[in-house]
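Engineer: Each chain, letter by letter, is given below.
There are 2 protein chains.
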Amino acid sequence: MGAAALLACDWGTTNLRAWTLDANGRVLADRDFELGVSRLAPGEAARRFTDEVQPALDAEGLPAILCGMVGSNLGWTVAPYAECPGGLGDLARAMTHVEAGAQPVHIVPGMRCEGFTGATDVMRGEETQLFGWLAQYPERARGRQLVCHPGTHPKWMLVEDGRLVRFVTAMSGELFAVLGKHSVLKSDAAPDDAVAFDEGLAAAGEGDALAARLFTARARVVGQGRPADSTPSYLSGLLIGAEVAATPRLLGCQGAEPVALLGDPRLCGLYARALARRGVQTETFDGEAAAVAGLFALHRMGEAP
Amino acid sequence: MGAAALLACDWGTTNLRAWTLDANGRVLADRDFELGVSRLAPGEAARRFTDEVQPALDAEGLPAILCGMVGSNLGWTVAPYAECPGGLGDLARAMTHVEAGAQPVHIVPGMRCEGFTGATDVMRGEETQLFGWLAQYPERARGRQLVCHPGTHPKWMLVEDGRLVRFVTAMSGELFAVLGKHSVLKSDAAPDDAVAFDEGLAAAGEGDALAARLFTARARVVGQGRPADSTPSYLSGLLIGAEVAATPRLLGCQGAEPVALLGDPRLCGLYARALARRGVQTETFDGEAAAVAGLFALHRMGEAP
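Going down the list, the sequences are from chains A and B.
Okay, so the first sequence: first residue is 1468 according to this note's numbering, each after it adds one.
Okay, so the second sequence: first residue is 1468 according to this note's numbering, each after it adds one.
The hints are simulated quantities; they were obtained by calculation from the structure and are not laboratory data.
Chain B stretches covered by chain A per the calculated footprint, using a threshold of three residues with CB under 8 Å from any CB of chain A:
(1) 1585-1595
(2) 1670-1684
(3) 1699-1712
Sample of chain A residues lacking proximity to chain B, with all beta carbon distances greater than 10 Å (derived):
(4) Ala1496
(5) Glu1519
(6) Val1565
(7) Asp1655
(8) Asp1659
(9) Val1662
(10) Gly1736
(11) Thr1751
(12) Met1768
Derived DSBU-like pairs (lysine-lysine); straight-line CA-CA distance at most 35 Å:
(13) Lys1648(B) to Lys1653(A)
(14) Lys1653(B) to Lys1653(A)
(15) Lys1648(A) to Lys1648(B)
(16) Lys1648(A) to Lys1653(B)
Even for Gly, the Cβ is constructed at its ideal location relative to N, Cα and C.
Start from the sequences and build out the full structure, keeping to the hints where you can.
Structural biologist: Structure below.
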């Protein structure tokens, strides 16, 4: 491994994850900070970065590149969205530049597209993982590929010839969280019951009539005596099942084409199970490795003359 | 008007609404109590009824009939569900009988049916409004009629020849409440923006991919600069639009047949607007009048030899 050459950060709503990379993009060190933009006072992102993040990784002398909500109005500075369709080069050209100490800091913009209702859909952070993944697997940049990034607000992304053509955001993760905490479906149980998860998948149908399908999570406990502790697993299966059934169609996909799952491995595993039940092939890729690869690739393009 | 002959109560989760009726079923007096079963200590329903409800309406000497969650395990006593298909007579025969003082108290059971996923769906209270409405409009008891009762957990009910054949429960009202309070869509604004409501209806599509459609409520604010105060109205239109588009199909209806809306007039008005946009005819009927008519009709059947 070489000497540290770059400080790369995925700076999101809740947390900041930072890596130092050598000149070949290999990770030398990493660190998490509870510095998500939702926890910052207005205007303090730069100071917290120079006071806490750089010193913790001995990175005061390194250029830095940041992606995620740090480029929103809650973050360091607004990095205006890059447009879809767009590729890695478009994203690199749209970066916003600030300084920390004497070091340049590149802030990766999010991307936006015209959504299926005409409203603009937006992302900040997932685009860096997507292009990092394409940099890791250049053969994926040929032809067409449907990519799903699960999470609080899952993103379904349609890639053609290495460019993000359009995408759609779902709210399944947040629905799971708020229903599990604040509705008649609330429960403290862990969503670890594979049988109830599959039962939820079966109840998801084609992703239609979700409000009615959700009530079956209550009815199966009240009317059929299923244990209330299995509700979170059932709800997880129902929401993921409904999402994978209906969302690809909003992108003009017919629902049979293979899906690349990119993100948290555990969550990707649930999506893989839901898609397999529909006969859809999947491959899973680690989101963190993709984020690092994306930040490194954008840094190199940003350095190029 | 005659003398008081019956104390009739719709005793729900949150509130208890009581009426005294004369021997012809006409309302003589009414009163609301903050005595919903969710506010009761275990076992105290009978005492609160004799100590508070009967005296407030000078009804100590009257027989009483109660519908709603008072017949659940949170209420006075469990009144086991009547089965679908079933009519007014079946419901009357399934009533549970207790006493308050020396007076008989009839508790109307809820109804249950096999839901579209195989799980048992249940209701407590809406059945009394439904059969009361059929008692008010006997011509509706001929042939087939689709009835929607909006609310926290809206019920869609299929009636054939005066019998409730099957029904399905949605969670739209509760989704509206929890998303408006606990998600990225939260807002304290009133849902009174008719333009945003219609925009939500337009975004509801055929009620598919709801988790993705919900995110458009965020995207239109973040990406298109729509005022955040219009989010509750948009969300209301989106949830009601999705519900009316997709739920009738779960009952085997094709979505074009007329719908009788039964319940709170303001809420029924929103459903009427959503259904009109789809070319579906509606008529709206007052839920309170139907509840009174249902309790009176059940009382008379319960008295019959």
